[in-house]
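Quick mapping for you: the protein sequence lines, in order, are chains A and B.
Residue numbers for the first sequence, in the working numbering: 1 to 402.
Residue numbers for the second sequence, in the working numbering: 403 to 488.
Among these hints, one or two may not hold up.
In silico EDC-like cross-links for lysine to aspartate or glutamate, where the CA-CA straight-line distance does not exceed 20 Å [claimed, not checked]:
id, chain 1, residue 1, chain 2, residue 2
1, A, LYS125, B, GLU449
2, B, LYS484, B, ASP461
3, A, LYS267, A, ASP311
4, A, LYS125, B, GLU448
5, A, LYS125, B, ASP452
6, B, LYS487, B, ASP466
7, A, LYS125, B, GLU450
Here are some chain A residues the structure puts well away from chain B; computed CB gaps all over 10 Å [what the hints assert, rightly or not]:
id, residue
8, MET66
9, SER67
10, PRO130
11, PHE131
12, ASN220
13, ALA299
14, ASP318
Here are some chain B residues the structure puts well away from chain A; computed CB gaps all over 10 Å [stated by the list, open to error]:
id, residue
15, GLN406
16, GLU420
17, PRO421
18, ASP423
19, LEU438
20, PRO456
21, ASN460
22, PRO462
23, GLY465
24, SER470
25, VAL476
26, GLY478
27, LYS481
28, LYS484
29, GLU485
For the record, the hints were derived by calculation from the structure and aren't laboratory data.
Even for Gly, the Cβ is constructed at its ideal location relative to N, Cα and C.
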Amino acid sequence: MHRVVITGAGTVNALGHDVPDTLEAMREGRCGIGALEFQDVERLSIQIGGQVRRFETEGRYNRQQMSLYDRFTQFTLAAAKEAIDQAGLSFSGDLAAKSGVVLGTAGGGVSTWDANYRSVYEEGKNRVHPFVVPKLMNNAAASHVSMEHNLKGPSFTVSTACASSNHAMAQAFQMVRTGMAPAMITGGSESMLCFGGVKAWEGLRVMSRDACRPFSANRNGMVQGEGAGVFVFEEYERARKRGADILCEVIGFAMSSDASDIVMPSKNGAARAIAGALADAQVNRDQVGYINAHGTGTAANDKTECAAVADVFGPHADKLMISSTKSMHGHLIGGTGAVELLACIMALRDGVIAPTIGYEEPDPECALDVVPNQARDAKVDVVLSNAFAFGGMNAVLALRSV
Amino acid sequence: MSVQDKVVEIIAEQAVLEPGDVTLDSTLESLGIDSLGLVESIFAIEEEFDISVPFNANDPSEGDFDISNVASIVTGIEKLIKEQKS
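Next up, chain B with everything else stripped away, as it sits in the complex (with noise of 0.2 Å):
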């Protein structure tokens, strides 16, 4: 499975949607996850690809994590596995 299906997978399992309803321009907001989902969701993240997320819940846009929507965030992840895996 793709980092991008496995991201699309945990995302919509934490929204309680199918994965088909999760599109890459689908912000958190649309899918109707919160903060406290969001914390969760990157839990699930760093636990699948064994690695660290650099996101603080108290200023989300600090950091260059972007979360503005799923596509966003697949690359983001996608970046921290090529960092931290080498």
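The following block holds chain A by itself, in its conformation from the complex (with noise of 0.2 Å):
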């Protein structure tokens, strides 16, 4: 078995266009929700989200990649830029071969759907673009980011809904520690902000018409967000030897499915993702610093997550920190585990717990110290990511600093 660690991260989100500015917004405690803009909002009993803005595509993609590129994919090939050059990798011979692509969404091309289904049954046009199918799939993203960097390895998209990018990450991790591939470019991305992708949220009434304000006992749902976040896992030893800038460690990951509800999360499937995330990485609960929670906001995900951690953690749990960065970008959805990771690497690396903002209330079921409102300066050796995805299917990853 090799060890893992991660050479390069790359984002765009609300809070940034790069990993700089997104890190500068989560120490400033910043919210990057804000009122959704575009056709048809007004339509919409939700208008607010995490949209990205000033996303210039002039100058980034020419005509042709516009015509190929879903809002999603234009995300993920940024970030995937700013993560691979400061890797300081470029892919040939062997390296290529080996290294490959394995990015989350949960929705691919959302965007192109809608702007096509409104043009064949609102506009009723009979002709759609001849590109629309290479565009809308949700394996687009990591295919133009495998030929835009020539990884020829193993690629593949995978789609969990909230879980996808801690589930891409976790494959990727598994093949660089098996040695399977050298490295391997991984993450997520999401782009459902247009009228049907928040539509059809809408329907299920979990969404916050105000804000994000996860564990807090005056919160009232979720908030979607959108962008990527890409990352370069790296064999340590290569890294190393190359004299690579190493950001932290991926030391372990456990995946577990509820087998009980498609919507509500269950305590016991959480539980036992984490406690086999501190198994797989040897870790012992007691060393965890830092916990990034899925955190979304609702009654029904706080209050699992927060039983779950207690579970595993017994009183450990009420010294370790955990915090949900969802209320400043808001949920990315099969992007949402990328990001996060951010957050858990400026724990690692920079000693910044990133705050849980938009907090106002103590609840009782969510008595965990949850940094409220304001980034904390703390030392910490091993952090989680959780990801609790609807369908019960749930991913952790667990990371240390090197």
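Relying on the hints, combine the two individually framed chains into one complex.
Next up, the structure:
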């Protein structure tokens, strides 16, 4: 078994168009959630979200590329470039042949579906652009990353709703750990902030109209976000020998399925994934200093997640910190775990714990240290990142400072 | 603008060339337009003239829409406009 480290990170999300801007916003507890802007937004009952602003495609992508790149692919390519540039890798020969791309997304090209359904149903057109299918398919982003960076190894897309990115990164981790790949590009992206994308979520009646306030007694639901997070996972000895700047080590993961309900989370399923990640990483529970929570701001998730953490950690649950950065960037659905991994890296590398903003009132059912409203300086050695998806599919990653 | 000028403009845009660089005896291959580019050009032509072009990318020689060069494409489109607009 090989050790696996992260040597590059990239992102586009409502807090910033790169990692430094995003981490600065997290340190400052800035909120990226605001009024949504797109066609027909006035017909929605939910009109807020963590929308990416001022992401100019002109100059970034040419006309031919624009006809092939849905917004979720555009975000992914920008984030992948930042990550691969930071890692200082260029893929050729054996490295290219063995390295691949595993990304998560729940919906893929949702805005492409939306725009073309609008054109044929509402506007009555009988013809769509020839690239609608290659633009909207869920693996489009992973394919374009592989084409752009000459990655010819194992590549695919994972779709497990809100846990997609964590499942994807777990796959990439496993490939590098077992020696199957020397390096993997991994993470995830989502862009469903369009009329149809938000309208579908409205139907579930789990969305907040004003703010995402995870763990706060007056929380009233989740807020959608959009964007991408992409990382370079690399075999440790290889990274060390070439003098790469190592951001942190990935030390374990676990996945579990609740096998119980299509939307309601299960304490047992979440706890099994958390405990499984600790066991896989071979760390004791009292070594964990920080958990980046799934923390959606819904009544169901936050209570269940806190109960699962209390179950697994026992008395240590009161000593560790657990925060939800969804309060700032919104819930990126299939891309959320990837953007949230940045908060884990910041905790390990910079000793700064990202806050749960919008926290107003303690909830006795979420009685943990949720790092309310203000970032905190703290030295932590081991951190976890939780993701619990609709459909009861859970994936938890464990990381350590190097 | 004549049908020919418009078709030349669409093909030139696809090939990232100036319309003046596209001649009637140019082939799509000589202009660097691949199969995806051809499908996109046909889409643009259908949109521009509001016609339906019988073209199957699996077998471009099937049907009587001749794509051997720019002149044959222009002739084919003029015929389709006449048939479908009358």
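The hints, checked one at a time:
1. The hinted pair formed by LYS125 (chain A) and GLU449 (chain B) meets the criterion: a straight-line CA distance of about 10 Å does not exceed 20 Å.
2. With a C-alpha separation of about 25 Å, the suggested pair LYS484 (chain B) and ASP461 (chain B) falls outside the 20 Å cut-off, and the hint is violated.
3. Between the alpha carbons of LYS267 (chain A) and ASP311 (chain A) the distance comes to roughly 9 Å, so the proposed pair stays at or under 20 Å and holds.
4. Straight-line distance between C-alpha atoms of LYS125 (chain A) and GLU448 (chain B) comes to about 12 Å, which keeps the hinted pair within the 20 Å bound.
5. Between LYS125 (chain A) and ASP452 (chain B) the CA atoms are separated by roughly 11 Å; this keeps the pair inside 20 Å, and the hint holds.
6. A C-alpha spacing of about 18 Å is found between LYS487 (chain B) and ASP466 (chain B), which places the hinted pair at or below 20 Å, so the restraint holds.
7. For the suggested pair LYS125 (chain A) and GLU450 (chain B), the alpha carbons sit about 13 Å apart, so the restraint of at most 20 Å is met.
8. Annotated as non-interface, MET66 (chain A) keeps its C-beta farther than 10 Å from every C-beta of chain B; the closest such distance is 12 Å.
9. The Cβ of SER67 (chain A) sits about 7 Å from the closest Cβ of chain B, inside the 10 Å cut-off, so the non-interface label is violated.
10. The Cβ of PRO130 (chain A) sits about 4 Å from the closest Cβ of chain B, inside the 10 Å cut-off, so the non-interface label is violated.
11. A beta-carbon of chain B is positioned within 10 Å of the beta-carbon of PHE131 (chain A); the least distance is around 7 Å.
12. Residue placement check: ASN220 (chain A) keeps its beta carbon more than 10 Å from all beta carbons of chain B (closest about 46 Å).
13. With a least beta-carbon separation of about 48 Å from chain B, ALA299 (chain A) lies farther than 10 Å from that chain, consistent with its non-interface assignment.
14. No Cβ of chain B comes within 10 Å of the Cβ of ASP318 (chain A); the nearest lies about 59 Å off, and the non-interface call holds.
15. Interface exclusion of GLN406 (chain B) from chain A stands, the closest Cβ pair being 23 Å apart, more than 10 Å.
16. With a minimum CB-CB distance of about 15 Å to chain A, GLU420 (chain B) clears the 10 Å threshold, and the non-interface call stands.
17. No beta-carbon of chain A is positioned within 10 Å of the beta-carbon of PRO421 (chain B); the least distance is around 16 Å.
18. The Cβ of ASP423 (chain B) lies farther than 10 Å from every Cβ of chain A, with a closest approach of about 17 Å, so its non-interface assignment holds.
19. Here LEU438 (chain B) does not stay apart from chain A, with its beta-carbon only about 8 Å from theirs, under the 10 Å limit.
20. With a closest Cβ-Cβ approach of about 13 Å to chain A, PRO456 (chain B) is found to remain outside the 10 Å limit, as its non-interface label requires.
21. With a least CB separation of 14 Å from chain A, ASN460 (chain B) remains clear of the 10 Å interface cut-off, as annotated.
22. The non-interface label for PRO462 (chain B) is consistent with chain A: the shortest C-beta to C-beta separation is roughly 14 Å, beyond 10 Å.
23. The Cβ of GLY465 (chain B) lies farther than 10 Å from every Cβ of chain A, with a closest approach of about 17 Å, so its non-interface assignment holds.
24. With a minimum CB-CB distance of about 21 Å to chain A, SER470 (chain B) clears the 10 Å threshold, and the non-interface call stands.
25. With a cut of 10 Å on Cβ distances, VAL476 (chain B) stays outside the contact zone with chain A, its closest approach being about 21 Å.
26. At roughly 18 Å, the least C-beta separation between GLY478 (chain B) and chain A is larger than 10 Å, which holds for a residue marked as non-interface.
27. Distance check on LYS481 (chain B): its Cβ is at least 20 Å (rounded) from any Cβ of chain A, clearing the 10 Å threshold; non-interface status holds.
28. No beta-carbon of chain A comes within 10 Å of the beta-carbon of LYS484 (chain B); the shortest separation is about 20 Å.
29. Non-interface status of GLU485 (chain B) relative to chain A is upheld: no Cβ of that chain comes within 10 Å, the nearest being about 18 Å off.
Hint violations for this structure: numbers 2, 9, 10, 11 and 19, all remaining hints satisfied.
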